[in-house]
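Q: What follows is the residue order along each chain.
Protein chains: 2
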Amino acid sequence: MKALIVSGDLFEDTELLVPWYRLLEEDIVVDIASSKAGTITGKHGYTVKVKFALDEIDPSFYDLLILPGGKAPAKLRTSETLLSLVRHFFSQDKPVAAICHGPQILVSAGVLTGRKATCYKSVAEELRRVGADYRDEEVVVDGNLITARIPDDLPAFSREIMKKCRETV
Amino acid sequence: MKALIVSGDLFEDTELLVPWYRLLEEDIVVDIASSKAGTITGKHGYTVKVKFALDEIDPSFYDLLILPGGKAPAKLRTSETLLSLVRHFFSQDKPVAAICHGPQILVSAGVLTGRKATCYKSVAEELRRVGADYRDEEVVVDGNLITARIPDDLPAFSREIMKKCRETV
Numbered sequence: 001m002k003a004l005i006v007s008g009d010l011f012e013d014t015e016l017l018v019p020w021y022r023l024l025e026e027d028i029v030v031d032i033a034s035s036k037a038g039t040i041t042g043k044h045g046y047t048v049k050v051k052f053a054l055d056e057i058d059p060s061f062y063d064l065l066i067l068p069g070g071k072a073p074a075k076l077r078t079s080e081t082l083l084s085l086v087r088h089f090f091s092q093d094k095p096v097a098a099i100c101h102g103p104q105i106l107v108s109a110g111v112l113t114g115r116k117a118t119c120y121k122s123v124a125e126e127l128r129r130v131g132a133d134y135r136d137e138e139v140v141v142d143g144n145l146i147t148a149r150i151p152d153d154l155p156a157f158s159r160e161i162m163k164k165c166r167e168t169v
Numbered sequence: 170m171k172a173l174i175v176s177g178d179l180f181e182d183t184e185l186l187v188p189w190y191r192l193l194e195e196d197i198v199v200d201i202a203s204s205k206a207g208t209i210t211g212k213h214g215y216t217v218k219v220k221f222a223l224d225e226i227d228p229s230f231y232d233l234l235i236l237p238g239g240k241a242p243a244k245l246r247t248s249e250t251l252l253s254l255v256r257h258f259f260s261q262d263k264p265v266a267a268i269c270h271g272p273q274i275l276v277s278a279g280v281l282t283g284r285k286a287t288c289y290k291s292v293a294e295e296l297r298r299v300g301a302d303y304r305d306e307e308v309v310v311d312g313n314l315i316t317a318r319i320p321d322d323l324p325a326f327s328r329e330i331m332k333k334c335r336e337t338v
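Read top to bottom, the protein sequences are chains A and B.
Counting from 1, position 114 in the first sequence corresponds to residue 114 in the numbering used here; the numbering is continuous, with no gaps.
Counting from 1, position 12 in the second sequence corresponds to residue 181 in the numbering used here; the numbering is continuous, with no gaps.
Chain A on its own, in the form it takes in the complex:
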């Protein structure tokens, strides 16, 4: 099992750190990627090392994709490299977990039509517009897709990610 987290500056700190630490707790290998390698800094000032630039990533190498929220997704969603990486995960039915503003990337990748999902409330209208079945629930699981709304949903988000990991192994 190998997981990939994609984020950028001004990520919502807990939405990256909590799932990352959770996967490490299980000895799962986790790589963090962004538009370029180096470091990224969250809205609350936590700094995280980025191992790979997006164009260095071979998506077939990973079993799980995590998209944290914050202000990072609004920038990342314009990356054609990221959008095709996301489409790879969906085409292979591999787990994708997105929280808060993270689902904006899924909207841009065009993978949400007809899918049950949630997100930060200000993003809900975007989801509806592309034909997603938006739910105001702490976590929504639809096949390979796990979505949540806010940091307070992280316990439920982690629970469903771990459940999916156990199914995948």
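Because the hints were derived from the structure by calculation, they are not lab data.
Among the hints, a few may not be true.
Calculated cross-link-like contacts (lysine-lysine; reagent style BS3-like; alpha-carbon spacing at most 30 Å) [what the hints assert, rightly or not]:
#, chain 1, residue 1, chain 2, residue 2
1, B, 220, B, 244
2, A, 121, B, 218
3, B, 240, B, 212
4, A, 49, B, 263
5, A, 75, A, 121
6, B, 285, B, 171
7, B, 263, A, 43
8, B, 290, A, 51
9, B, 332, B, 218
10, B, 290, A, 49
11, A, 121, B, 244
12, A, 36, A, 2
13, B, 244, A, 75
14, A, 43, B, 285
15, B, 244, B, 212
16, A, 43, B, 240
17, A, 36, B, 212
18, B, 212, A, 51
19, B, 332, A, 163
20, A, 43, B, 220
21, A, 2, B, 263
22, A, 71, B, 285
23, A, 94, A, 75
24, B, 263, A, 121
25, A, 71, B, 290
26, B, 171, A, 163
27, B, 220, A, 49
28, A, 43, B, 218
29, B, 212, A, 71
30, A, 49, B, 212
31, A, 163, B, 205
32, A, 49, A, 75
33, B, 263, B, 220
34, A, 2, B, 285
All figures in this text were calculated on a predicted structure; none of them were measured in a lab.
Starting from the known structure of chain A, arrange chain B on it as the hints suggest.
A: Just chain B now, with coordinates in the frame of chain A:
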């Protein structure tokens, strides 16, 4: 299983939030206590609701005590109410998990003599002075006592807390 987290303003945000969310993921009831009820705010700006003032706590009600780090423990360690609560946990051999500056409270409670433990590096000398067997390791488990050094140790810290929870139930 019922857990108690004791902290205060200027807590190290991840050291409170990560174990809290981890326990909630397992549907464990967690109460947060501080010198007074209301809210506390971490060094990185996260705000957490405090349900109970320390003097409202019946320690016999809880199976696990968590002491996050940051600047909160330096203030909390002067609370005789907290120190006797800590001694209750040790006298009953109930799990106590402290990280970073959290072990300062254990020093003041006088429960570390002869115990293997770790902490933030600037606190190590205090541990040695009270006769603790200080180890520079990501997590140290000695009977009921689980200690760790820094936020990056949180995956190992959570792993050992969850292991202890499973033994306790």
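Q: Take the hints in turn and mark each one as holding or not.
A: Hints versus structure:
1. Of the supplied pair hints, the one linking residue 220(B) and residue 244(B) holds, its CA atoms being roughly 19 Å apart against a limit of 30 Å.
2. Between the alpha carbons of residue 121(A) and residue 218(B) the distance comes to roughly 22 Å, so the proposed pair stays at or under 30 Å and holds.
3. Our distance criterion of 30 Å between C-alpha atoms is met by residue 240(B) and residue 212(B), whose separation comes to about 8 Å.
4. Between the alpha carbons of residue 49(A) and residue 263(B) the distance comes to roughly 37 Å, so the proposed pair goes past 30 Å and is violated.
5. The hinted pair formed by residue 75(A) and residue 121(A) meets the criterion: a straight-line CA distance of about 19 Å does not exceed 30 Å.
6. Between the alpha carbons of residue 285(B) and residue 171(B) the distance comes to roughly 25 Å, so the proposed pair stays at or under 30 Å and holds.
7. Distance check on the hinted pair: residue 263(B) and residue 43(A) sit about 37 Å apart at the alpha-carbon level, beyond 30 Å; violated.
8. Only pairs whose Cα atoms come within 30 Å are accepted, and residue 290(B) paired with residue 51(A) is accepted, the gap being roughly 27 Å.
9. At roughly 27 Å between alpha-carbon atoms, residue 332(B) and residue 218(B) fall within 30 Å of each other, so this suggested pair holds.
10. Taking the CA atoms of residue 290(B) and residue 49(A), the gap is near 22 Å; set against the 30 Å cutoff, the hint holds.
11. For the hint linking residue 121(A) to residue 244(B), the alpha-carbon distance of about 38 Å lies beyond 30 Å, and the restraint is violated.
12. With a CA separation close to 20 Å, the supplied pair residue 36(A) and residue 2(A) stays within the 30 Å bound.
13. Between residue 244(B) and residue 75(A), the direct Cα distance comes to roughly 41 Å. Violation of the 30 Å bound is thereby established for this hinted pair.
14. About 37 Å separates the Cα atoms of residue 43(A) and residue 285(B), which puts this hinted pair outside 30 Å; it is violated.
15. A hinted pair counts as satisfied when its Cα atoms are at most 30 Å apart, and residue 244(B) with residue 212(B) qualifies at roughly 14 Å.
16. At most 30 Å may separate the alpha-carbon atoms for a hinted pair to count; residue 43(A) and residue 240(B) meet this at roughly 21 Å.
17. Pair hint residue 36(A) plus residue 212(B) holds up; C-alpha atoms about 28 Å apart against a cutoff of 30 Å.
18. For a cut-off of 30 Å, the pair hint linking residue 212(B) to residue 51(A) stands: about 27 Å separates their Cα positions.
19. The straight-line distance between the Cα atoms of residue 332(B) and residue 163(A) is roughly 18 Å, inside the 30 Å bound, and the hint therefore holds.
20. Restraint check for residue 43(A) and residue 220(B): the C-alpha separation of about 27 Å stays at or below 30 Å, so the hint holds.
21. Restraint check for residue 2(A) and residue 263(B): the C-alpha separation of about 36 Å exceeds 30 Å, so the hint is violated.
22. Under the criterion of a C-alpha separation no larger than 30 Å, the hint pairing residue 71(A) with residue 285(B) is inconsistent with the structure, at around 43 Å.
23. For a cut-off of 30 Å, the pair hint linking residue 94(A) to residue 75(A) stands: about 24 Å separates their Cα positions.
24. Between the alpha carbons of residue 263(B) and residue 121(A) the distance comes to roughly 41 Å, so the proposed pair goes past 30 Å and is violated.
25. For a cut-off of 30 Å, the pair hint linking residue 71(A) to residue 290(B) is broken: about 34 Å separates their Cα positions.
26. Distance check on the hinted pair: residue 171(B) and residue 163(A) sit about 23 Å apart at the alpha-carbon level, within 30 Å; holds.
27. Taken as a hint, the residue 220(B) and residue 49(A) pair is broken in the structure, with Cα atoms around 35 Å apart against an allowance of 30 Å.
28. Between the alpha carbons of residue 43(A) and residue 218(B) the distance comes to roughly 21 Å, so the proposed pair stays at or under 30 Å and holds.
29. For the given pair, residue 212(B) sits about 21 Å from residue 71(A) by alpha-carbon distance, which is consistent with the 30 Å threshold.
30. A C-alpha spacing of about 21 Å is found between residue 49(A) and residue 212(B), which places the hinted pair at or below 30 Å, so the restraint holds.
31. At most 30 Å may separate the alpha-carbon atoms for a hinted pair to count; residue 163(A) and residue 205(B) exceed this at roughly 37 Å.
32. Only pairs whose Cα atoms come within 30 Å are accepted, and residue 49(A) paired with residue 75(A) is accepted, the gap being roughly 18 Å.
33. The suggested pairing of residue 263(B) with residue 220(B) holds, with an alpha-carbon distance near 22 Å, which does not exceed 30 Å.
34. About 34 Å separates the Cα atoms of residue 2(A) and residue 285(B), which puts this hinted pair outside 30 Å; it is violated.
Hint violations for this structure: numbers 4, 7, 11, 13, 14, 21, 22, 24, 25, 27, 31 and 34, all remaining hints satisfied.
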